[in-house]
Amino acid sequence: MTEDTPLVEITDLGVEFRMREGVVRAVDGVSLHVRKGEVLGIVGESGSGKSISVRSIMQLLPKTAVLSRGSVLFRPPCGGEIDIAKLDRKGKEIRSLRSRHIGMIFQEPMTALSPVHTIGRQVMTPIRLHLGLGKKAARDRARELLQLVQMPRPDQMLDAYPHELSGGMRQRAMIAIALACNPSLLIADEPTTALDVTTEAQILDLLKSLQERLGMAIIFITHNFGVVADIADRIAVMYMGRVVESGPVDDIFEKPQHPYTRALMASVPRLGAERRRRLTTIPGMVPDPFELPKGCSFHTRCSEAVAGTCDRLDAPLIDLAGGRNVRCHLHSQNQTGGPDVG
Amino acid sequence: MLAYLTKRLFWSIPMLIAVSIVAFIIIQLPPGDYATAYVAELRHQGDTVDPLMEQEIRVHFGLDKPIYVQYWWWISGIVLHGDFGQSLDYNMPVSNLIWARLGLTLAISITSLLLTWLIAIPIGVYSATRQYSALDYVFTIFGFIGRGFPEFLTALVLMWLAYSWLNMDVGGLMSAGMEQQPWSFAKVIDVASHIWVPLVVLATSGTAGLIRVVRANMLDELNKPYVETAYAQGLSERRVVWGYPVRVALNPFISTIGWALPSLISGDVITAVVLNLPTTGPLLLRALKNQDMYLAGSFILILSVFTIIGTLISDILLALSDPRVRRG
Numbered sequence: 001m002t003e004d005t006p007l008v009e010i011t012d013l014g015v016e017f018r019m020r021e022g023v024v025r026a027v028d029g030v031s032l033h034v035r036k037g038e039v040l041g042i043v044g045e046s047g048s049g050k051s052i053s054v055r056s057i058m059q060l061l062p063k064t065a066v067l068s069r070g071s072v073l074f075r076p077p078c079g080g081e082i083d084i085a086k087l088d089r090k091g092k093e094i095r096s097l098r099s100r101h102i103g104m105i106f107q108e109p110m111t112a113l114s115p116v117h118t119i120g121r122q123v124m125t126p127i128r129l130h131l132g133l134g135k136k137a138a139r140d141r142a143r144e145l146l147q148l149v150q151m152p153r154p155d156q157m158l159d160a161y162p163h164e165l166s167g168g169m170r171q172r173a174m175i176a177i178a179l180a181c182n183p184s185l186l187i188a189d190e191p192t193t194a195l196d197v198t199t200e201a202q203i204l205d206l207l208k209s210l211q212e213r214l215g216m217a218i219i220f221i222t223h224n225f226g227v228v229a230d231i232a233d234r235i236a237v238m239y240m241g242r243v244v245e246s247g248p249v250d251d252i253f254e255k256p257q258h259p260y261t262r263a264l265m266a267s268v269p270r271l272g273a274e275r276r277r278r279l280t281t282i283p284g285m286v287p288d289p290f291e292l293p294k295g296c297s298f299h300t301r302c303s304e305a306v307a308g309t310c311d312r313l314d315a316p317l318i319d320l321a322g323g324r325n326v327r328c329h330l331h332s333q334n335q336t337g338g339p340d341v342g
Numbered sequence: 001m002l003a004y005l006t007k008r009l010f011w012s013i014p015m016l017i018a019v020s021i022v023a024f025i026i027i028q029l030p031p032g033d034y035a036t037a038y039v040a041e042l043r044h045q046g047d048t049v050d051p052l053m054e055q056e057i058r059v060h061f062g063l064d065k066p067i068y069v070q071y072w073w074w075i076s077g078i079v080l081h082g083d084f085g086q087s088l089d090y091n092m093p094v095s096n097l098i099w100a101r102l103g104l105t106l107a108i109s110i111t112s113l114l115l116t117w118l119i120a121i122p123i124g125v126y127s128a129t130r131q132y133s134a135l136d137y138v139f140t141i142f143g144f145i146g147r148g149f150p151e152f153l154t155a156l157v158l159m160w161l162a163y164s165w166l167n168m169d170v171g172g173l174m175s176a177g178m179e180q181q182p183w184s185f186a187k188v189i190d191v192a193s194h195i196w197v198p199l200v201v202l203a204t205s206g207t208a209g210l211i212r213v214v215r216a217n218m219l220d221e222l223n224k225p226y227v228e229t230a231y232a233q234g235l236s237e238r239r240v241v242w243g244y245p246v247r248v249a250l251n252p253f254i255s256t257i258g259w260a261l262p263s264l265i266s267g268d269v270i271t272a273v274v275l276n277l278p279t280t281g282p283l284l285l286r287a288l289k290n291q292d293m294y295l296a297g298s299f300i301l302i303l304s305v306f307t308i309i310g311t312l313i314s315d316i317l318l319a320l321s322d323p324r325v326r327r328g
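For the record, the sequence lines run as chains A and B.
Note that this note's numbering has the first sequence beginning at 1, numbered continuously upward.
Note that this note's numbering has the second sequence beginning at 1, numbered continuously upward.
Calculated directly from the structure, the hints in this document are not laboratory data.
What you were told as hints is all true, and nothing was included just to trick you.
Computed cross-link-like contacts, PhoX-like style, restricted to lysine-lysine with a CA-CA straight-line distance of at most 25 Å:
no.: 1; chain 1: B; residue 1: K224; chain 2: A; residue 2: K92
no.: 2; chain 1: A; residue 1: K90; chain 2: B; residue 2: K224
no.: 3; chain 1: A; residue 1: K36; chain 2: A; residue 2: K86
no.: 4; chain 1: A; residue 1: K63; chain 2: A; residue 2: K90
no.: 5; chain 1: A; residue 1: K135; chain 2: A; residue 2: K92
no.: 6; chain 1: A; residue 1: K63; chain 2: A; residue 2: K86
no.: 7; chain 1: A; residue 1: K63; chain 2: B; residue 2: K224
no.: 8; chain 1: A; residue 1: K36; chain 2: A; residue 2: K208
no.: 9; chain 1: A; residue 1: K92; chain 2: A; residue 2: K63
Using the sequences and the accompanying hints, generate a full structural model.
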């Protein structure tokens with residue numbers, strides 16, 4: 001595997017919920033890739049399809065969800081290439097990837113740990129399952145992992161239950177579980193959203209230092225631009241089940257190209273901003289998923305929408321220089337030099 | 001854990017004392033007493049009774065003493081000698097009556113309880129993990145019918161079916177001729193051919209209810225994030241379901257196991273009457289009907305004690321299974 005071959009390559013992924021009221025396309029043609037050792041931040045509002053997209057990588061979709069199209073290529077370090085989208089979600093192949101090669105941290109450390117098993121037992125589960133270690137060796141490894149995630153008093157914590165831990169400590173335990181088998185990819189689904197701000201900063205620092213030490217790739221999902229700024233190499237912004245903009249983190253922060261990205265950034269509170277100015281919000285509501293607007297799905301809330309174009313035509317995905325992509329009519333106008341009305 | 005146990009044990013002592021006092025007051029609540037009832041009974045049979053006799057009986061049994069003295073006699077008799085007093089109706093010691101039937105009652109009840117768990121828990125778990133599947137609907141229909149159908153009616157229908165189709169006499173616990181005979185292989189076979197009816201009746205209604213409870217608890221738990229975490233570790237569905245949500249879903253159920261103990265003794269009275277079973281249920285019913293005060297009172301006391309012991313067992317089991325209780 002050369003350095004440029006992505007570790008995970010999602011191409012034209014579609015995930016649908018078939019419900020009585022109709023079909024909801026939670027993910028509608030998402031293409032993403034993560035290189036070895038790279039940190040990708042996925043930013044979007046609730047319901048933008050970011051969680052569903054990354055859950056597809058582990059086939060951890062809700063029962064009602066159907067992976068309707070696209071491919072999810074994963075290249076494990078042992079070589080080879082697996083299209084995860086084609087695997088049976090209960091099958092042996094996907095189970096041997098989960099936790100072994102792809103670890104996952106969840107949003108709610110309060111409820112994501114089993115209330116009836118000790119921390120040690122929960123960290124040992126993937127170790128014993130995938131690495132085939134005996135009880136004693138697995139316990140030693142679990143202790144090392146707790147030290148690695150800077151858990152205070154790791155020896156004691158092995159025998160502690162989740163309800164005896166604080167939120168930050170639970171999230172550390174969660175990270176220890178996810179890293180138990182040294183995965184090449186770590187998926188973090190809003191890992192700090194449920195934590196208070198100081199704890200959030202500690203967990204972010206921990207993830208960053210672990211990434212530097214262990215070198216795994218991370219997909220970091222968040223609705224908060226401020227959180228990914230520090231940790232991500234690249235960013236993908238999602239809206240209504242699509243990636244609307246992606247590119248290197250600095251470029252996007254410096255010069256966001258999509259109106260939605262700009263609107264999101266404007267709505268992040270900043271220290272030292274002009275006094276007594278109201279925080280900018282994005283006007284309107286996320287559209288009803290059963291009745292998606294015609295044309296670009298963001299035109300109903302876009303301050304720069306061009307009548308006759310944005311409300312009629314699907315926005316094309318446009319390659320910009322420097323590994324950047326944007327899905328917006330405004331840029332196709334720039335390219336062709338005039339409004340593209342058809 | 002030890003501290004928790006000691007605390008729970010300690011608290012059950014004042015509870016037991018309070019319960020015995022309440023039970024005794026309940027015995028005393030009906031108007032009149034043993035003496036009036038006894039004399040009335042004799043008069044009813046046509047005997048001429050010396051008016052002094054009523055007073056003599058009262059003195060003889062100490063019924064003229066203040067209520068707290070009587071309570072002390074009653075409770076010290078139970079605690080020190082295991083003597084629950086005399087049954088008016090049967091004219092024999094209460095303890096003889098109760099303990100003779102208790103073994104059989106416990107045997108039938110515990111077997112049906114285990115049968116219920118054995119059937120209901122796997123079905124409930126299956127129904128929840130395969131929600132809205134064809135089999136889930138089948139079990140749901142069975143659940144509602146089993147729950148809605150009165151037990152005594154199930155018992156009658158089963159008896160009628162067994163009698164008219166299989167030519168079996170399934171009333172009672174054994175055939176009429178067998179009762180006086182010593183235990184033998186033939187007697188065991190005979191009991192087995194009778195005992196399946198109460199077992200099926202009791203297990204059916206219990207299973208139907210428990211399936212619904214297990215299913216509802218499981219549906220709550222299956223959507224919790226820790227289940228997703230377990231899947232994300234690469235565990236198989238079977239290991240995830242039985243190792244995680246089932247453990248948690250059974251907790252509310254474990255905390256009610258204790259209630260099963262008293263209902264094992266008192267419950268299913270109607271079924272037992274319909275099936276003519278020599279268990280404690282019909283005995284309690286008759287004691288209450290005939291105002292057989294000491295028998296009824298002792299029943300109430302024993303049931304209460306079982307409730308307290310049952311709750312204690314529940315608490316211990318729950319503490320064993322749920323660390324949040326044990327170390328909360």
